[in-house]
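**Student:** The hints should help you fit chains B, C and D onto chain A, whose structure is shown.
Chains as they are written, first to last, in the working numbering: chain A, 1 to 648; chain B, 1001 to 1099; chain C, 2001 to 2549; chain D, 3001 to 3523.
Worth flagging that the hints you see were computed from the coordinates, not collected in a lab.
Don't take every hint at face value.
Restricting the straight-line Cα-Cα distance to at most 20 Å, the calculated cross-link-like pairs of lysine-lysine (PhoX-like) are [claimed, not checked]:
#1 D:3296 - D:3512
#2 D:3391 - A:162
#3 C:2206 - B:1098
#4 A:479 - A:371
#5 D:3516 - A:213
Owing to the predicted nature of the structure, the values given are computational and were not obtained by experimental measurement.
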Amino acid sequence: MEKLIALLIAAPLLGAAVLLLGGRRLDRVGHWIGTLLSTASFVFGLVLFTDLLGRNAEHRTLIQHLWTWIPVEGFQADVTFRLDQLSMTFVLLITGVGSLIHLYSVGYMEHDERRRRFFGYLNLFLAAMLLLVLADNYLLLYVGWEGVGLASYLLIGFWQHKPSAATAAKKAFLVNRVGDMGLSIAIMLMFTTFGSFAFGPVFGHVDGASQGKLTAIGLMLLLAACGKSAQVPLQSWLGDAMEGPTPVSALIHAATMVTAGVYLIVRSAAVFDAAPDAQLAVTVVGAVTLLFGAIVGCAKDDIKKALAGSTMSQIGYMVLAAGLGPIGYVFAIMHLVTHGFFKAGLFLGAGSVMHGMNDEVDMRRYGGLRKYMPVTFVTFGLGYLAIIGFPGLSGFFSKDKIIEAAFAKGGTEGWILGGAALVGAAITAFYMTRVMLMTFFGEERWKNQATRSPEAPSAEPAAEHRGETAEPHPHESPKVMTIPMIVLAVGSVFGGGFFSIGDRFLYWLEPVTGHSEGHSPVSAGEVTAATMVCLVIGVAVAWAQYGRKPVPAVAPRGSLLTRAARRDLLQDDFNHVVLVRGGEHLTRSLVYLDHTLVDGVVNGTAAGFGGLSGRLRRLQNGFARSYAVSMFGGAALLVAATLLMRAV
Amino acid sequence: MNPVNYLYLAGLLFTIGATGVLIRRNAIVVFMCVELMLNACNLAFVTFSRLHGNLDGQVIAFFTMVVAAAEVVVGLAIIVSLFRARHSASVDDASLMKL
Amino acid sequence: MSTPAVHSLWTTAADRIPQIGAPKIEYGQLSPTLIIIGAALVGVLVEAFVPRRSRYYAQVFVSVVALCAAFAAVLGLAADGYGTTKAHIAAMGAIAVDGPSLFLQGTIVLAGLVGLFTFAERRLDPAAHGNRVDSFAAQAAAVPGSDAEKAAVKAGFTTTEVFPLLLFAVAGMLVFTSANDLLTLFVALEVFSLPLYLLCALARRKRLMSQEAAVKYFLLGAFASAFTLFGIALLYGYAGSVSYARIAQVVDGSVTDVNPALAGTMGNDALLLLGGALLVMGLLFKVGAVPFHMWTPDVYQGAPTPVTGFMAAATKVAAFGALLRLLYVVLPGMRWDWRPVMWAVAIVTMLGGAIVAITQTDIKRLLAYSSIAHAGFILAGVIATSKNGVSSVLFYLAGYSFVTIGAFAVVTLVRDAGGEATHLSKWAGLGRRSPLVAAVFAVFLLAFAGIPLTSGFAGKFAVFKAAAAGGAAPLVVIGVISSAIAAFFYIRVIVLMFFSEPKPQGPTVAVPSPLTMLAIGLGVAVTLVLGVAPQYFLDLATQASVFVR
Amino acid sequence: MSFPLLTATAALPAVGAVATAAVPAARRTAAKWLALLVSLGTLALAITVLVRFDPGGARYQLTESHSWIRDFGVRYELGVDGIGVALIALTAVLIPFIVLAGWHDADPLETGSRRWRPTQGFFALILAVEAMVLISFEATDVFLFYIFFEAMLIPMYFLIGGFGDRAHAQGEQAAATQRSYAAVKFLLYNLVGGLIMLAAVIGLYVVAGNFSLQQIAEARAAGSLHMATSTGRWLFLGFFFAFAVKAPLWPLHTWLPNAMQESTAPVAVLITAVVDKVGTFAMLRFCLGLFPEASKWATPVILVLALISIVYGALLAVGQRDIKRLVAYASISHFGFIIMGIFAMTSQGQSGATLYMVNHGISTAALMLVAGFLISRRGSRLIADYGGVQKVAPVLAGTFLIGGLATLSLPGLAPFVSEFLVLVGTFTRHPVIGIIATFGIVLAALYTLVLYQRTMTGPVRPEVSAMPDLRVRELLVVAPLIALLIFLGVYPKPVTDIVNPAVRHTMSDVQKKDPKPEVEAAK
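Isolated chain A, as found in the complex:
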């Protein structure tokens, strides 16, 4: 059975290789190859899953050792895979959602002549992501970690001829690199602490290690998670990442890759449990981000950016949960999975909308679309209900649990974190309702518009191939796109319930993450009630603003907060001023110094000798008598020196 694990990765990797090296002759069938192989990987996943179910809880960990990777004195890195409940969950999520989105892309990218390469990149991403979740040691995980980074770089920048896309891709990679730095330092710390960085030995010897080291490791892992999962302060790249094609946003920047940080933290549970300070930091980051993302989400008029904000905030929930320790791990993962469903669904819906609207992304130019694209409307709506936590749908179960757990943390921390989570819930309700209303309800603002407004440029130049018309004719997307949306909608409706009934998910995952019931100061019922209240408030406010009165086609100036939020709460300005400008100045001055100082010293020495030479050769003035003088003087010196030597 272990043998299958490698195949999980091998299938999409093969796909990537074939598609990228295959050349134009594969253009016609490329996308089907890609979809096929990702589906194959999903099938393997199912097979393995059934196999795991067939075993009892403590034998549900499969190890496959392939080969010794880096054997050096005292440093041993192997290519070994570990399939346990946690990674199994991810495998299914990744390959499942992945396959659906492959299918969707077949339709979505239909008119792009580089579709083959797009699918190659998608497969590459799947392979890397699977490697990430299947690795048995941190170094191998690191490979997957950067691999998904690369894939995301390639996919965000898929329309490279657009400078904005290229820049966004670069930014994403760089910010991730900062996180990766954290991961590599963490690995080095593990090596110095445990002499190894494989899961087994590390988690085994945690008790033998010093508190300081563990905290350091924890913080470094957190840094890594922040980079990959777009948590404050490394969140800035996610918004720009929406430059990529919408399926990419759905798969990578909503469902899977961005949740890798959560995986990392949950996977390292043993370390974090032993390092409370690090855990506290995690919860703080989570709480801050969930608010931050939510606020940003409220201000964006670009539908994808709004969703991106919400992604940030939802992951904030997961990180918060993961930071809570055994109380929260399971729910973090559960929310991760459900979020995978509904957020992917939402993005695909958004994509479908754009597809029908000549790739218009500005929600202020939508409106009243529900009767033009019913399927999209329904699926999107279900996703919407799920994410705001409408009772009975996925989001309700997972998010509610997290809020409870936050309170269960106990003490003032508990109150603060729980409060933040609640507020977050309210804001979530608000901005999602806003999106819903602006897109599908209200008057049809897209009618009789002459030209696009400059501040809402097209996100997708694919438009150029699709023949831009002055006025869009909204229409429903083809089956190949709607089917995945429907499937995901189903998932987002029933997923949560399915997991929670009888705590299935809890029992499934507990052996890996461990679990403990915190004793909450407030009862579950109260929490749920509170959540509901927040929910209603959020929806109501949104209705008041965007439902009752018409939405202006051009964004009003808005309050200070709104304006700040539109610019990611000034994060970008900060980056621009401090990092970009500062960096430019630094490098420029260094270049100057290198030329003048380092090089100057050398050239100066040379010039010095030259000048000296020029001066000395003047002594050679051509007059025999002056030569005689020098000889005479020399003789005198010689004699004097000799006598002096004797005298001394």
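**Tutor:** The following block gives chains B, C and D in isolation, referenced to the frame of chain A:
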């Protein structure tokens, strides 16, 4: 009188000769100064030979004279050809090559 | 001192006179020198009696034969072990026949031979009025540019006297390296200097410069030899003898028969130091060490290039030979007096030569300054005052002399309308026009710069090694630095030849006769052999590194 | 007396060089093919060395030893340890690609005299460099090493100064002057370094009396080697200076950007991927081997300098406007890593450093050669002159990206392994330095991606719109290198197996043990 004084005289002559080389322009005169230096050496040789009471010094003096004569031959030849080419025997005029 | 004492002395001296016997001369062991001198005299006779048109051939024949014979004789003596076991002092203490002298004599004779080839070259200058001409004045006596000169050229005169002059110079040098008393030393000095003075004046082109060079060389040379002579006088006064052995004994204080009456002068160190200093100065002048170097650039530039080459190579060899013998045989007792001074001289010579050369624009002057820098390096070996020091210096000289002659031979090939094109700017792009010549010259330059796998490197390493072993580490460091500086201008020339665009009306490279080719080829061969497989020659030098006392 | 394999390995290209140079002017193509064949033959020999070498065996294998210059205590002694083998293999692998990549770089524009044969010269010089590099990797006699370490400069000098990029912004004349400036700068820097080393070599002779690594090691072991501490340190500095110039280490680096900028891409690769490795290799073998005490004494300073090189080089790379200069500064940063690994004095660090030498060779070759192809198409080195290339030449852009990713040491590609080993090795002893060095990976990403973005992405510039994609010859150069990068990134074991024993020896030379991990130390 004490023969050592002859040494002083020799030293004096030698210095005079050297100074002459340094200050005189005319090649012939410069050359004569060199001859003066050589003769100063001769004086020294003879004096020492007198002091040591062996004849080497005197013999050397003769050799020196011969050498000096040979130098005159070569030297005059060169200087004269220079003079004929430039119509001047000044050492300072002969400074084409410098730096 | 008191008069009666002197009187008694005088009488004793008087009745010793009739006991002088006939001198005993080992002709066999002096054969190299004697052959050369004989040949030189023959050459004079040739000038007197052989008809003009066949003089050239006769002279070349005589000289070649003589030099080869002399070399054979040197080899023979060395084979007989005169260099090692049977080394002794010949000709009544006047001449030392030992390793160093034989080694250096061999080097000088070979240098003379190669130099002779360049002397005899007569294909480079365009034929004047149908007869081939070499690089020497048609008639030295004729005023430059005068009708007399034109007539002489028209008549196809050539100065074939240069060959006997060369031979005389060689003979003088042979004696100079092996002179074992100061008188011989002085005479030999003059014997090889005077012909060189004349040779400098004999250039065919640029005669004014040539004559100027001769005058400067002559006056300064005479000036220097006056100092030398005075030094000799003082040493004689100090030791009461001019023979090396005797002086050495007095210096060591191991002399027994000191006449108490002579306490005033005998063993008076002031005399010793003064005399030693002046004598050394005379030799340093010939070596071309700073600050006695100033004649070098001008003379090297002005003299006919073949002469320059010969002079640069052979004079250095001879002068260093004499210097070594003087310092190792006569003055080892006062090592602690002269070593520090020599240190200073070596340092300023290395640095001075290298630094001033950087800004030179004339290839011959450039090589002149480089020769100064090299004198500094060799001095570093001299200072080592060890057997290794001697052998390293011998090796260095052997390698250096061939590189030098070769380099100057190449210079003679690069010509334009006004004769040799010695200004560096004219050498631009030579590598494009005639890669072979440029490559050969590059090899010589690299050897000068001491790049590994050339004789220059082996020699430099040997010398520095000896110096370092002799406790002169700082000297080595300075030497290394100055050779780094020196590398700069050698590279400049290479850049010029290979990387800069050729000038439209640049100089042409004349196709020489086999003679010059031989000279250059020999230079290259020796450079590479001594660079790649120097062991045999190092052994030779080591065997030859013992002075007879 | 078995077959002198090492001598043969070095002699073949030497002979080939002479033969190539002798090819008549008209038969240019013949010379190219000859050079290619010779380089392939050398590769075959190098592979034989690789096969015959037994990692478990003696420290130096395939040894040859003949007396050469007795008076200088110099022997012709060859022998290879794992590190040497790895680098010999690297050199032998790269040269054929360099030759192939430079196929048309030396076709004469104007024919000077009929004896002027630039093409023949170009390839002959490349082979000559290969021969000398190989010898210096094989030499176990300090003097022998020194000789070729120095002699190498001459052919390199002519390669840099004699052959440059075709089209040049300010015209051929200006290009020539800049070239010769770069060449002279290269030569003087390295010559000064070499001459200072010469002083140290002489000093070593005075102290040790011979130059054989083994004999000196034995003498030290037997305690019969009397080297005063101060003497040892001076000599060490003399040696290290030369190697630091060659490597190059900040602040002795400024010759490299000029040299790489002015020379053609293949020559640039030759400099940074092959010749400079001699410097780092020599640090590992001679500095640590001959002067262990002094090495440990100097370690802190050297580590700091290496750290500066890493960050400084990366920052300057970001600021460059010239593609080749950018790669040059990137290399400076990488050499910082190598030196840091060497002087971290841990087996991970030193294995990593050796691995790094190999990987950096391959990755730079890939990146630089593709850059060369790019430049040869557009006739400009300025980043600003490009844009949107990926649209017209996707394969070129793709390979360029992979080369770049290798340069920023993306996991899965070879450089990652070595870079991480170096970092870990440093971190275990000097955590702070290790952490600061890790910033290097962010900066690396920055300059690589900026380069890629500015040249390859964005709207297609009119100048590049007609740019052809990679040709077959060029693919033949790039594809194997990329394959190698991936293979060594996934399965570096073959190399590490060879290297580890050698590193064990070096560690014992300097009598250093790896620090124990905390949990074991606690027990």
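**Student:** Take a quick look at whether residue 3391 of chain D and residue 162 of chain A sit within 20 Å of each other, Cα to Cα.
**Tutor:** holds (11 Å)
**Student:** Quickly compare the C-alpha distance for residue 3516 of chain D and residue 213 of chain A to 20 Å and report which way the hint goes.
**Tutor:** holds (15 Å)
**Student:** Is it true that the CA of residue 479 of chain A sits at most 20 Å from the CA of residue 371 of chain A?
**Tutor:** The hint holds at about 17 Å.
**Student:** Has the given pair, residue 2206 of chain C with residue 1098 of chain B, been kept, meaning a C-alpha gap of at most 20 Å?
**Tutor:** holds (15 Å)
**Student:** Check whether the Cα positions of residue 3296 of chain D and residue 3512 of chain D lie no farther apart than 20 Å.
**Tutor:** Holds, at roughly 9 Å.
Every hint, counting from the list given before, is met by this structure.
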